[in-house]
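Chain residues, written in single-letter form:
There are 2 protein chains.
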Amino acid sequence: MAEAPRTKRKREEEDGAAAHDGAAATDPFPLAELRLRRVLRESARDKAVFLHGEVRGGGDGTDAVVILEKTPFQEEKVSELLKKHTKLELQMRNDIYSTYHLYPPPELSEIKTTVVYPATEKHLQKYLRQEVHLIRETWEDYKNITLPFIQSQSFSIQWVYNILEKKAEADRIIHENPDPCNGFVLVPDFKWNQNQLDDLYLIALVHRRDVKSLRDLTAEHLPLLRNILQEGTEAVAKRFGVPGSQLRIYLHYQPSYYHLHVHFTALGYDAPGSSVERAHLLADVIDNLAMDSMYYQKRALTFTLRADELLLKKFQEAGRV
Amino acid sequence: MAEAPRTKRKREEEDGAAAHDGAAATDPFPLAELRLRRVLRESARDKAVFLHGEVRGGGDGTDAVVILEKTPFQEEKVSELLKKHTKLELQMRNDIYSTYHLYPPPELSEIKTTVVYPATEKHLQKYLRQEVHLIRETWEDYKNITLPFIQSQSFSIQWVYNILEKKAEADRIIHENPDPCNGFVLVPDFKWNQNQLDDLYLIALVHRRDVKSLRDLTAEHLPLLRNILQEGTEAVAKRFGVPGSQLRIYLHYQPSYYHLHVHFTALGYDAPGSSVERAHLLADVIDNLAMDSMYYQKRALTFTLRADELLLKKFQEAGRV
Numbered sequence: 001m002a003e004a005p006r007t008k009r010k011r012e013e014e015d016g017a018a019a020h021d022g023a024a025a026t027d028p029f030p031l032a033e034l035r036l037r038r039v040l041r042e043s044a045r046d047k048a049v050f051l052h053g054e055v056r057g058g059g060d061g062t063d064a065v066v067i068l069e070k071t072p073f074q075e076e077k078v079s080e081l082l083k084k085h086t087k088l089e090l091q092m093r094n095d096i097y098s099t100y101h102l103y104p105p106p107e108l109s110e111i112k113t114t115v116v117y118p119a120t121e122k123h124l125q126k127y128l129r130q131e132v133h134l135i136r137e138t139w140e141d142y143k144n145i146t147l148p149f150i151q152s153q154s155f156s157i158q159w160v161y162n163i164l165e166k167k168a169e170a171d172r173i174i175h176e177n178p179d180p181c182n183g184f185v186l187v188p189d190f191k192w193n194q195n196q197l198d199d200l201y202l203i204a205l206v207h208r209r210d211v212k213s214l215r216d217l218t219a220e221h222l223p224l225l226r227n228i229l230q231e232g233t234e235a236v237a238k239r240f241g242v243p244g245s246q247l248r249i250y251l252h253y254q255p256s257y258y259h260l261h262v263h264f265t266a267l268g269y270d271a272p273g274s275s276v277e278r279a280h281l282l283a284d285v286i287d288n289l290a291m292d293s294m295y296y297q298k299r300a301l302t303f304t305l306r307a308d309e310l311l312l313k314k315f316q317e318a319g320r321v
Numbered sequence: 001m002a003e004a005p006r007t008k009r010k011r012e013e014e015d016g017a018a019a020h021d022g023a024a025a026t027d028p029f030p031l032a033e034l035r036l037r038r039v040l041r042e043s044a045r046d047k048a049v050f051l052h053g054e055v056r057g058g059g060d061g062t063d064a065v066v067i068l069e070k071t072p073f074q075e076e077k078v079s080e081l082l083k084k085h086t087k088l089e090l091q092m093r094n095d096i097y098s099t100y101h102l103y104p105p106p107e108l109s110e111i112k113t114t115v116v117y118p119a120t121e122k123h124l125q126k127y128l129r130q131e132v133h134l135i136r137e138t139w140e141d142y143k144n145i146t147l148p149f150i151q152s153q154s155f156s157i158q159w160v161y162n163i164l165e166k167k168a169e170a171d172r173i174i175h176e177n178p179d180p181c182n183g184f185v186l187v188p189d190f191k192w193n194q195n196q197l198d199d200l201y202l203i204a205l206v207h208r209r210d211v212k213s214l215r216d217l218t219a220e221h222l223p224l225l226r227n228i229l230q231e232g233t234e235a236v237a238k239r240f241g242v243p244g245s246q247l248r249i250y251l252h253y254q255p256s257y258y259h260l261h262v263h264f265t266a267l268g269y270d271a272p273g274s275s276v277e278r279a280h281l282l283a284d285v286i287d288n289l290a291m292d293s294m295y296y297q298k299r300a301l302t303f304t305l306r307a308d309e310l311l312l313k314k315f316q317e318a319g320r321v
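Protein sequences appear in the order of chains A and D. So in full-length UniProt numbering, spot 19 of the first sequence is number 19, and the numbers just go up one at a time. So in full-length UniProt numbering, spot 98 of the second sequence is number 98, and the numbers just go up one at a time.
Everything labelled a hint here was simulated from the structure, so no lab data went into it. Since the structure is predicted, the reported quantities are computational estimates derived from the model, not experimental observations. Where hints are given, some of them may not hold.
Given that identical chains are not distinguished, each listed pair holds provided it fits within a single copy or across any two copies.
Said to hold, decoys possible - No farther apart than 20 Å at their CA atoms in a straight line, the calculated lysine to any residue pairs in the SDA-like style are these:
| hint | residue 1 | residue 2 |
| --- | --- | --- |
| 1 | 191 | 102 |
| 2 | 298 | 208 |
| 3 | 314 | 120 |
| 4 | 87 | 36 |
| 5 | 238 | 170 |
| 6 | 122 | 97 |
| 7 | 314 | 30 |
| 8 | 84 | 283 |
Working from the sequences, and respecting the hints, build out all of it.
The following block contains the structure:
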């Protein structure tokens, strides 16, 4: 999977996540008291690291996942950085080329830190680096393997409902079409700190709750999908000044949570999960459905699964891998 | 183009690079005296920025290119980072998820700095970001804009014919099906040095010379495409031990040369050009053609063009961008 080594900070409520201690979720997270257990994964390209830590309490420690990711440079602060570095060490010189180590002051070297606390075993597994396998899922496979698997898992998507019901992140909403059938909410993705447009990343979450993924889409959903494409593009242009010709608008299959959502990312940003084996352009999805309402109930779809994913085991048991 | 925003740190001697002042190349580089002229390019994903700066001398300033890139986390220093941060600011909280800004001490936030000094105009051009534009090409656009453009350009693909005729790279051929209509040659791509399998990259070049791209494909080409998928996969497994479940097999649209070819890359390798706005999985292409022989003569196709590409100008002249 192209995005395997990349950062993945999607929010999924796994089984057991709901069983956490309510108090812990409202206390400030004691980062300095965290004991590092192991590095789950790192990405040299993204400058990110995924950690399994433990917070010591009265008895046994409580698990936490901590994701550290260096942030993109901010254009308006680059001059300051050049002048205010605390130290500059020459590393190598060859003709007109030279390289240095530059050590910036703290205020110019922010690290984006994401905490999942308390974390369950499922959270830990999710962030642990794994081998990936390519699956070509026919419609029969979907019906016989994938769908029963999705239904057997009680993935909680309470965080999505919190947003749709304005119980969380209400101040972050960029655009809403309130129609219960063809409406949606557009919010910045967690991965985007909104400081620069280069890595712009928003998510459109549909209001209706009966569409799990691309596989459920038929021509019936065309008005919804066209609303997302048109209104989403307009809202991003209006709020951020980024025109539609600079946006990559797509769905994931498999998605990381089974409530239909659409990704909006800056075209120049090589976003995790934008590779051909996972992303489906919304414009293509619309054209395919307009051509054949049953397109996604006929066509085989390719995706990758990590070695530890239960769905891979289901495909293996069915002799399909 | 997916690879446009990435860092490129190859050192190429451009014309004029040799004409620099020898003294300047041995003096220490005065980073703090650098006046920032403009940001040439930045990469949010790589956390890198390419700067055009000027060093003030006696008369006019001397140009320099300065590349700043944040460095990957070092596993052995992560514990220190968690304890020694100078400040931790809560940004957002929702259920068990929270995000923070963490400000590390200078010694734990090194920036790799590369300087090209003195820099010529060619260096500046090389690092300058080209805007990319998303194009949604209908079949009419293809016939009226793209096809006449391809025909008007005398792109030389002699190097492809040299391979097919064994006049070049004959010793590099991994597999061949010699059939003039449904056959092909599989060779390692130039980008792959064959030293490690992580970035495995091969190209299948078809023997027939009348298929320019995806747009020309119909059900007539299914035997050819199925041969490439099946024999190509088998050949890679046999020669390199990489199974089909670890391969991403796809076509580009637009391709970089108009002689039909198929890319084979390692699934775990985030290869340039594997994003959804350029890549089309061979398995999907085969299924689409099996479903509708005219699929690629009906469907709109999305791709990106850089601001300096002539084809973009043609779309602009036609009022399609």
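Verification of the hints:
Taking the shortest Cα distances, residue 191 and residue 102 sit within 20 Å of each other only across copies (15 Å), while inside one copy they are farther apart (26 Å). For the homomeric pair residue 298 and residue 208, neither the shortest alpha-carbon distance inside one copy (23 Å) nor that between copies (31 Å) is at most 20 Å. For the homomeric pair residue 314 and residue 120, neither the shortest alpha-carbon distance inside one copy (22 Å) nor that between copies (55 Å) is at most 20 Å. Taking the shortest Cα distances, residue 87 and residue 36 sit within 20 Å of each other only across copies (19 Å), while inside one copy they are farther apart (29 Å).
Within a single copy, residue 238 and residue 170 get their C-alpha atoms as close as 19 Å, which meets the 20 Å cut-off; across copies the closest is 55 Å, which misses it. Taking the shortest Cα distances, residue 122 and residue 97 sit within 20 Å of each other only across copies (14 Å), while inside one copy they are farther apart (47 Å). With identical chains, the CA atoms of residue 314 and residue 30 are never at most 20 Å apart, being 39 Å at best within one copy and 58 Å at best between copies. In this homomeric assembly, residue 84 and residue 283 never come within 20 Å of each other (Cα to Cα): the closest approach is 46 Å inside a single copy and 47 Å across copies.
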